[in-house]
Structure formats: C-alpha cells, structure tokens
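*Asks:* Residue numbers (our numbering), protein chains in the order written: chain A, 1 to 368; chain B, 1 to 368.
You can take every hint at face value.
Here are the computed distance ranges between Cβ atoms for each label pair: (1) A:299 x B:30: 13 to 23 Å; (2) A:162 x B:12: 54 to 64 Å; (3) B:128 x A:299: 35 to 45 Å; (4) B:12 x A:238: 35 to 45 Å; (5) B:190 x A:79: 39 to 49 Å; (6) A:174 x B:295: 30 to 40 Å; (7) B:62 x A:306: 41 to 51 Å; (8) B:30 x A:306: 24 to 34 Å.
It is worth saying that the hints were derived from the structure and are not from the lab. Heads up, the beta-carbon is just placed ideally off N, CA and C, and yes, glycines get one too.
Number of protein chains: 2
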Amino acid sequence: MTETEVLSAIGETLDRDVDAVLATIIDVEGSAYRRPGAKMLIEGDDSAGSLTAGCLEDEVRGLAGDVLDAGQPRIETYDLTGDDDIWGLGMGCNGIITVLLEPLDESYRPVVERVTNGGDCGVVTVTDGDRPLGERGFYDPETEFSDNLPGWLCEELREPTATLLERGKTDTVGVETDDGTVEVFVEGIEAPSNLVVVGSGPDVNPVVELAKQVDFQVTVVTFRGALSSGENFPAADAVRATSPTDIGDNIEFDDDTYVIVMTHNFIDDRLAVEDLIDTPVQYIGLMGPQERFEEMLEDFADESVEITEDDTSRIYTPIGLDLGGDSPHQIAYSIVAEALAIANNRSPQHLTDREGPIHDRIEVPLAE
Amino acid sequence: MTETEVLSAIGETLDRDVDAVLATIIDVEGSAYRRPGAKMLIEGDDSAGSLTAGCLEDEVRGLAGDVLDAGQPRIETYDLTGDDDIWGLGMGCNGIITVLLEPLDESYRPVVERVTNGGDCGVVTVTDGDRPLGERGFYDPETEFSDNLPGWLCEELREPTATLLERGKTDTVGVETDDGTVEVFVEGIEAPSNLVVVGSGPDVNPVVELAKQVDFQVTVVTFRGALSSGENFPAADAVRATSPTDIGDNIEFDDDTYVIVMTHNFIDDRLAVEDLIDTPVQYIGLMGPQERFEEMLEDFADESVEITEDDTSRIYTPIGLDLGGDSPHQIAYSIVAEALAIANNRSPQHLTDREGPIHDRIEVPLAE
Numbered sequence: 001m002t003e004t005e006v007l008s009a010i011g012e013t014l015d016r017d018v019d020a021v022l023a024t025i026i027d028v029e030g031s032a033y034r035r036p037g038a039k040m041l042i043e044g045d046d047s048a049g050s051l052t053a054g055c056l057e058d059e060v061r062g063l064a065g066d067v068l069d070a071g072q073p074r075i076e077t078y079d080l081t082g083d084d085d086i087w088g089l090g091m092g093c094n095g096i097i098t099v100l101l102e103p104l105d106e107s108y109r110p111v112v113e114r115v116t117n118g119g120d121c122g123v124v125t126v127t128d129g130d131r132p133l134g135e136r137g138f139y140d141p142e143t144e145f146s147d148n149l150p151g152w153l154c155e156e157l158r159e160p161t162a163t164l165l166e167r168g169k170t171d172t173v174g175v176e177t178d179d180g181t182v183e184v185f186v187e188g189i190e191a192p193s194n195l196v197v198v199g200s201g202p203d204v205n206p207v208v209e210l211a212k213q214v215d216f217q218v219t220v221v222t223f224r225g226a227l228s229s230g231e232n233f234p235a236a237d238a239v240r241a242t243s244p245t246d247i248g249d250n251i252e253f254d255d256d257t258y259v260i261v262m263t264h265n266f267i268d269d270r271l272a273v274e275d276l277i278d279t280p281v282q283y284i285g286l287m288g289p290q291e292r293f294e295e296m297l298e299d300f301a302d303e304s305v306e307i308t309e310d311d312t313s314r315i316y317t318p319i320g321l322d323l324g325g326d327s328p329h330q331i332a333y334s335i336v337a338e339a340l341a342i343a344n345n346r347s348p349q350h351l352t353d354r355e356g357p358i359h360d361r362i363e364v365p366l367a368e
Numbered sequence: 001m002t003e004t005e006v007l008s009a010i011g012e013t014l015d016r017d018v019d020a021v022l023a024t025i026i027d028v029e030g031s032a033y034r035r036p037g038a039k040m041l042i043e044g045d046d047s048a049g050s051l052t053a054g055c056l057e058d059e060v061r062g063l064a065g066d067v068l069d070a071g072q073p074r075i076e077t078y079d080l081t082g083d084d085d086i087w088g089l090g091m092g093c094n095g096i097i098t099v100l101l102e103p104l105d106e107s108y109r110p111v112v113e114r115v116t117n118g119g120d121c122g123v124v125t126v127t128d129g130d131r132p133l134g135e136r137g138f139y140d141p142e143t144e145f146s147d148n149l150p151g152w153l154c155e156e157l158r159e160p161t162a163t164l165l166e167r168g169k170t171d172t173v174g175v176e177t178d179d180g181t182v183e184v185f186v187e188g189i190e191a192p193s194n195l196v197v198v199g200s201g202p203d204v205n206p207v208v209e210l211a212k213q214v215d216f217q218v219t220v221v222t223f224r225g226a227l228s229s230g231e232n233f234p235a236a237d238a239v240r241a242t243s244p245t246d247i248g249d250n251i252e253f254d255d256d257t258y259v260i261v262m263t264h265n266f267i268d269d270r271l272a273v274e275d276l277i278d279t280p281v282q283y284i285g286l287m288g289p290q291e292r293f294e295e296m297l298e299d300f301a302d303e304s305v306e307i308t309e310d311d312t313s314r315i316y317t318p319i320g321l322d323l324g325g326d327s328p329h330q331i332a333y334s335i336v337a338e339a340l341a342i343a344n345n346r347s348p349q350h351l352t353d354r355e356g357p358i359h360d361r362i363e364v365p366l367a368e
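Next up, chain A with everything else stripped away, as it sits in the complex (with noise of 0.2 Å):
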C-alpha cells in the first residue's frame, strides 16, 4: 500500500465518521525499516499502512482500544537495538522507533484533501512540553497555517516547516517557551511525483502499472486520440489525448514532474522532446538507441531549435537503467527504476557501495 494510498484510507474512514486510530513514526534513532512519518491506521482490527516490517504491527494495533477508550492520544517508545531481548532480535534494524498514537479526527482532513489533489503541505503536531500533546496545525504553502495555533508558536514553526516542506522530510523542532520547551514534529508532506508517459503502444502499460507501484502520479499522454480512452490504461491516473506539438499546453509540467518519451514514432518523439525541453522537467526518458536521439539533434540543428547542454542532460536515452534483461516488463523495469532514482535524487548504485547513511539527513534551520 502506498502513502497515497494510505492518505486515501484515512479520507475515506474520516467520512464514515467511525472509530479508528492514528499511529505516526515521529522519531528513530538508529536504523529502521521506515522513516519518521511513516503511518498505520486501525480500525478495528483492521489497518492500513505499515510501521515497520511486521514486528511493531500486532503490538501497536494491541494498543488502539486504549487509546479510543482514552480519547487521548498517546507516545509508545519501542527499542529494537540488539541489547534489548524482548525486540533487539526482531527487527532488520537498530533503532529506537518512538510511535504517536492518536484517536483519528478532522484535524487530518486538510491533509488529506491537500495530498490527494496533488498539492504539498505541512503538518505540525505537537508531542511534548507545555501545550496539549496531539495538538496539531496544517501547513499551508499559500495560506500558512491553519488558525487554531498560537501566533507565536506559527512564528516559531513557519520556517523549520517550509524548509522540510521543500525536501519533504520531517523532524522534531523544540520551541522554547517561557515555561519551557515544546516539542513538535513536523512532517513536511509531499504529494506523489507526477510521471507521464507519452505513447500508446502495448509497451505502455508495464510501465504505468510499476510506476504505480511505486507511488507515481502516472497521466499517459497519446496523441491524435490513439487509444486516448483510459480504458486502454487501467492503471493511469489519467489519459490525455493532445498533440506533439500541443504538449506543453495541455498538462502542467513542473521540476517534480518526469516524463517517458515511448511513442516509437521518430517524429513525434522529436516534437514531444521539443516541446519538453522548453518546461522545467528534470527527467525525459526517451526510448530508443544513441544513434536515434543523434538524428534528432540533427534534425533540430537543421530547424535551428536551440537545445542546450543543460537540455541534453535532461534527456536520458537509451531510457532507463542498466539492469539487463529485454522482456517488455524488463524494460518497463529499468525505466521506471530511472526514474524513481531520479525523481528522489539519487544516483543508481548498490547501496552497500553508497557513503554515508541510506536516509539523507538535513539540516533544519530553527526561528531565533
């Protein structure tokens, strides 16, 4: 299950208006399996989503009851290091996993609504100090945030926020008080990259179904009505029949947007690139062989359509990552691999040749 998929449960059972519970990784120290932000809802015995890899699981739905019946929300701390015998030897990690626990309610709706419309926003919540425990602001890029906070703690909030916002992480921020200092755990909330593959031959698919699987928004883009019904691509987030040169009009192309050039017809794959280069995506795959994309640099240097070597850079082909293999589902693999890798910045390698720690970890800049 996705995370947008877990957004969309805790949507739905928000409008059943029916018991469930909330649990948020809001700290780990050490390694672990997810990050901090990481959700699980539980109805029932019912949940959604994942804090791990099944070893908290049992345990934290073990709590849900109190914490309706409490209906208050609560801090559960779970120290899976090796020294500790009851989880140390459970867990593909060593890490210490705080977990905030908290009975579901509208304060989580903006999220929600905000995500699933493509859009990114914060969300405060505060976990220790002098202010209730659970007590949660939305962050709204536009409007800031929500009005049920204190001015003076927004003031202390705005920019730690905007700043995980912008790399989508989180983080616990101490707000010093004059009693004190207040906790609070930001999660800068990103909505799922856009990817959109322009074409529609049989090839389409398998890469519109792995992209889903991997949490992408996914349009597929076909041109002069081929196959423009969504029909034809079941798992697409949506299907946009337009023209080469028409592309950059008809779908909002931004820096987290990245796009598959797969219509196997030269010309219009040449007239798609055009087009793309001209917007601020980061990503175009185009398929097909060097030589291929080495005639259409002619061709463009012969209209005299300037293209850049930053353009150039942008442009991967052969699309995808070297993974071998050459099956339809194959290919389909190594390309949406490329662009996952790209759309989280990454630069492909086995992680256990990367420096440094698998998560980045970044720097919050707090108010003075």
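Assemble chain B onto chain A, guided by the hints.
*Replies:* Only chain B this time, still in chain A's reference frame:
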C-alpha cells in the same frame, strides 16, 4: 507477459492441438526493442508475446493465415531504418528485423517441457541453405542433440550451441557443406533465474510480486512453519518451511540462484547467511543496515565461522539499489532491481552512460 509465460502458452496450445503460428525474431541489424529469440504465438486473432513495441505485431499476425495455409515456414524481413518511409518512422529503433514464421508443431514441445521444468536447452533451426527451411533440432546439455538431425550437422553445431546456451544468447551459425552454406539460427534458452526470498513478513509479498513480473522463479523460505502456506505468498512459485540451519539441505542453490535474506530476525538471518556462504550463490542480499552486518561478522568471528573476502563480496547489505524512497513497495522495487542487475551481470548505471551497445555481443566459436 514474460518469456516463461510465452513458452507456457506454446505448451498449452500444443496440448489443445490447434492450428497456431510461432513467430521468432531470428536477426536484428542495428537496434530494436526486442532481441533475436523474441517470440510471438499467434492463434487466430489472438497472440501471446511480442516481437516489437507494437509496430510489427499486426503485420505479422496478418501473415499467420498464409503460413498455416501453406503449411510451410517462411521468413520476413522488415526494414525499420530511418530511410524507409513505411516503417522507418514507426519504431523506436533503427533496425532491420528478420522474423521466422512457422506452423507450431511438436518440435517445440521438448523446449517447453525442459524450460518450464527449470532446465536450459538449445534450439537450432535451419533458416537458409541446402536443408529444409525450419528444420529443427533440440539440444539438451546432457543428452546433446535430438536424433532427427544428421550427425555431421550436430557435430558442426555442438560447440556454438553449447557456447550460446551458456550465455543464454542466440546467433546465426553458418555451416559449410559440399553444396554451400547451411544457415542455422541457434538459440540458447535459459530457464528463468531463481530468486529465493528468506522471510515471512508483510514485506515479502511486494518483493515476490515484483520479482515475478521480471520473470524470476521465486521460492519463499519461511522458518518454523511460519506462514508456510502458499496462500500467504500467492505470487510465489513455491514456499518451503525449513529451519535456518537447513536451508542448504532443502533447496538447490546454484550459481543462477539469487537470495534475499529478510527474516528481520538477527539470529535467523545470521544462520541463513552462514548456510548460504557455503553455496555457489553469487547474490546474498541482506536486509538491514551496515552496522547490523558488522555485528553479524563479529558473531561469526566469535564462533570462528570463516568468512572470506569472496564471501563478503557476495553479501549485499544494505540490500537494494539506491533508488530512494522508503515505502515497502519502493524498498521491494530497489531490492528486485538489484537482484535483476546481478542476475544479468550488469553494474547499475543509467543506460545513457553505458559504454558500448545495450545488449552484449559475444563471439561464437565455430567448429573447424
């Protein structure tokens, strides 16, 4: 549809004893979406498998009726280079593709039976010269060639066939005779690589599902009978319940078997790794952070379990390619991407950065 699924479809069609045509790419000049050996089975208006990214399928399907009427194999060549107005603009490639169409017959059954039972085999098919077009031989590494072929031809084909089979490649071999040259399309058809997933947590299924899509033969290994029923891993080809110390006894680990260790139990993982380093397995992906593996190495040292550099070079931890993302499906995606790259002997990188052709070319020794 994976290569293995296409072979299974061929088997089912043979069982039903109905008319069908098998189309096989036997040559590609330049580059193309699929490689020689790619197959499409055509029965009436239905087909299974693909030769291109949808550009030639209709054309080839249209010829199936003629092939059945003639009751004879035929060869069609499609020039998809940019200079050819009919096809040139249609393809994401610059290649010239040659396709063998033949009425499906029993000569393919041993191939289906061999490969679907996990064995590799060679297929030789006469494509030109002073022998019947489509004349076919079956090559089993143990029993050598089927006896329908003349001995002198088998003699000539033995070494190239064995070489191509070793690498799972195809090539056309020219055999000199008194009357000229007989051209033979030689396919080395490998059974799918084996992926063994050691674990039983909820994070196992996403790995199994993705691995099946890229045509691994997937076995899930659980310990102490935990979740050992196949129902828990519906996509897996097999589920084995064993004990961490007996893995090696219960499953055959050859050098085309790749193993993911994700029990999330430190001791189980350690015992599994201890078993696995005594096998020829070239990929032991271990879930968890580097520190956890270092603890494991200390335990090995304490128990004077010898771990050579070759052993550690086969252990990949943290597991997976660095694609970013930390939802269970994204983690699973990076794991299967790593297993796929290792199984195909590729080092992960953007194809656009790869030197030389996407598809390895190999030299095939000819018999004197």
